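> These are the residues of each chain, in order.
Protein chains: 2
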Amino acid sequence: MNQYFLEKAQAIKPVLNEDVVRPVRIPDGIYCTGDRIVLDFGNHFVGRFFFRVHGEGSHQDAPALLKVKFCEVKKEIEEDSSRYQGWICASWIQEERIHVDVLPAEVAMPRRYAFRYVIIDIAAVSDKYGLVLDDAYAKVTTSAEDAVLTAYQGNAKEMRMDEVALRTLRNCMQDVFEDGPKRDRRLWLGDLRLEALTNYVSYGNYSLVKRCLYLFAAVADEEGRIPACLFTEPEVCGDDTYMFDYSLFFIAALYDYAAASKDLEMARELYKTARRQWELAQENFDENHVVHDSDVLGWCFLDWNLELNKQAGAQFVYLYCAKRLCLLAELLEIPEDITEIKRDMALKKQAALDYFYDREKELFVSGSKKQISYASQVWGVLSECLEKEENIRVLEHMRRCKDAVEMVTPYMNHCYVEALIQVGMEKEAYAYMMHYWGGMMEDGADTFYELFNPGNPSESPYGSCIVNSYCHAWSCTPAYFLRKYNLHG
Amino acid sequence: MNQYFLEKAQAIKPVLNEDVVRPVRIPDGIYCTGDRIVLDFGNHFVGRFFFRVHGEGSHQDAPALLKVKFCEVKKEIEEDSSRYQGWICASWIQEERIHVDVLPAEVAMPRRYAFRYVIIDIAAVSDKYGLVLDDAYAKVTTSAEDAVLTAYQGNAKEMRMDEVALRTLRNCMQDVFEDGPKRDRRLWLGDLRLEALTNYVSYGNYSLVKRCLYLFAAVADEEGRIPACLFTEPEVCGDDTYMFDYSLFFIAALYDYAAASKDLEMARELYKTARRQWELAQENFDENHVVHDSDVLGWCFLDWNLELNKQAGAQFVYLYCAKRLCLLAELLEIPEDITEIKRDMALKKQAALDYFYDREKELFVSGSKKQISYASQVWGVLSECLEKEENIRVLEHMRRCKDAVEMVTPYMNHCYVEALIQVGMEKEAYAYMMHYWGGMMEDGADTFYELFNPGNPSESPYGSCIVNSYCHAWSCTPAYFLRKYNLHG
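Chains as they are written, first to last, in the working numbering: chain A, 316 to 804; chain B, 316 to 804.
Next comes chain A alone, as it looks inside the complex (with noise of 0.2 Å):
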């Protein structure tokens, strides 16, 4: 652990604005065992729940057991966590158990949770009494400044996906840059570069990013070697998890923070961790210039999916990443870094294109089946191995091609919006943002989903989903797009 680095972090670690919200409505009425109280909070909300009970009849004679459940969603309403089989942690559902021994009651709840709904189920009441609710609040959080946020103009749809995605963004900034508040509550890295460009052009929190930043920066391991997230609880301490490409967004999330902050104090700092990440992935290379493909699941991350082969997209997202450690070193004026990385990028673009690049098909391949996939050809045209206009046909061919491996999160749906960006398809860009982000919202999203397929939208990769988070970081890009590259329909 750097604790110089550390120190840095916690030093400005911010303080939660709270504000205190009540539901819509508190229905009236005496509940009995088996009745259900729904109570909409009008909007997705993260923060701590609160509320009032008092018996109706005679005297409390046996203690209230209530059922209290958290949704993001409404569908989360009717789901029976009982029946939850899937292979993520069961211990992620917001749901609890608690025992009421005596009325009136003021009920803290224990945890921290993401909602827009509230269930109380009344498990258990005697026949003696019913219970009538009094009051019901929620202290809720985020180290975003409302007060501060940037005004945005667009036609309504775009207004709403705007706010839509800066609900996802504000809900997901707390102590740290979470990636979702229900699920995992922990600082990401690939979200984390999504979340801070978003920032950047709303909310102007840098000092936020700065902190994710320097506590990235302070869990390195001995080698260098930056892990794919980490934890603020009880302690900061890395994860044990490492993911090629999200080891190396971090020189691109550095990068970023130093464009669009100007803050070259910390960048210089925290250049050396970011140069070691693209020489610790060096490592991964062969004698060619070709990154070693792997079995081993996760070893370099691009999108959630088992299908999906990573070797091509892993060497692009080198490039990307090279490039950014490339302008970094130029602000800070290091020129014998820029000869060298520019050096090592034109070999590794070479063996890319030699390696990956089917000039038959205009297409990129991976993997020892060559497999054609959105990620490969994304991940492609924003390396910039290829001219502009080879990458228009690329993408062009992509659409065409039934075969190719799809996309499954929001996340890999971003690098898609960015790349179609890159090349100047800017109409195609956001008619693809408000299908896709669209489709959220037509499913009456609040905030911006982990996972989404607009051809089936109870989809989870999980076998449930019960534990899919619905207000995820790295969703919240459409207002990135929106605010930074002025889209309009």
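Fair warning: there could be bad hints in the mix.
[Claimed, not checked] Derived coverage of chain B by chain A (criterion: at least 3 residues anywhere in the stretch with Cβ under 8 Å from a Cβ of chain A; other residues may be distant):
no.: 1; segment: 367-376
no.: 2; segment: 398-406
no.: 3; segment: 415-421
no.: 4; segment: 543-552
If you are wondering where the hints come from, they were derived from the structure by calculation, not from laboratory data. Values in this document were obtained by computation on a predicted structure and should not be read as measured data. We put the CB at the ideal spot given by N, CA and C, even for glycine.
Fit chain B to the given chain A structure using the hints.
Frame of chain A; chain B shown alone:
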């Protein structure tokens, strides 16, 4: 609410004695999803439970979801509360579900429990870590003073019976004499009477009895009628349940207290309240001095038996308590009351013999269907309507009568043993006590149960054993019999 009596009661509210106890063994090992930790505290306790856990493996990447269950007896460990279909409120089941978000953790369970065993089921942890239990302990309470407990000598089985009985009493002695620390955790008059009798010959805590009698006097209704039980949380409040026999037992409990403590000042202060129960009970008699029968469930308790006709028993309880009111009037030297009570008793005794005694069968009968039950015979004997020799024959006929409605609760069994002793059948009393309460000891009891049928130990009147109380005040009287009457095998 009588504020004067309430203040008297609250002025002597006990400070509970608190001890820290640990399970016999804290098991080693790393616990994963589906694993179970069984903690055996070696004896029955009442109190709060605490434990410390840490994670082993990778850093905790998901909350730990634990199910914590408190069992008074071993067989509860395997019972599945999710299948509970009984008619008593499911909220009495001592089971909690908790999420531990941050490890290591010091967990303080939120409520008071009655238990020997604590079961921690690991409902969900992620694949990346397991749980290690570092410590587990309970802060247990009682208002009994173990140090002042008077010694008792007997053979091994008698010593153990005394010990189990007093463990029962001790763990019910909290802020008031509770009926059971698992359920209902409150002060019932019928239970109080038996707890107090046992307390006088063991812990000698007169103050707690005094407090409870003042509490009952405080919550008498506008007419002066004392409810069957009362609540102390959030404030002292009488229940809206009134039972013919329980109201009358205020008289017996006050007399027992005065006789044991010699505290005539207190007896004088509550004499009118006691006398008022006798007066109010008279409204239930017809012009022939026979108590009205009733179809209202629970109009008179006697025993937990829906089949039992209560008419004769009610008449006998009235006589039993009238005698004690007379004894109180003698202690307090109120000659005009003595005369009046005796005149009334004579009339109601004669009516009892005329209406409820079958001279041919030499048995008491009850209700329009002339039901023969243990309860009627036992209370008939205790009412002293007949001569001693006649009473002996009643009890002997009863034991031979195959159709007699039997006893269900230890509470009614207590009365039976008391009746045997009253007619000089100490040997039979001893044998029966050893058979009945001894049966619970053979079942492994650390404390005596709310309900016990030697022929069917898993019987419950609630449709399921899961809500049975296994440390129940009204079962504590073997210590009273052993100590008071010096019974020996």
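> Please go over all the hints and tell whether each is borne out by the structure.
Results of checking the hints against the structure:
Under the rule that three or more residues need a Cβ within less than 8 Å of chain A, the assignment of the segment 367-376 of chain B holds, with 4 such residues. Note: the segment 398-406 of chain B has 4 residues with beta-carbon separation from chain A under 8 Å; the three-residue rule is met and the coverage holds. Coverage of the segment 415-421 of chain B by chain A holds in this model, with 4 residues showing a Cβ closer than 8 Å to a Cβ of that chain against a need of three. By the rule of at least three residues with a Cβ nearer than 8 Å to a Cβ of chain A, the coverage given for the segment 543-552 of chain B holds, with 4 such residues.
Checked against the numbered hints above, the structure breaks none of them.
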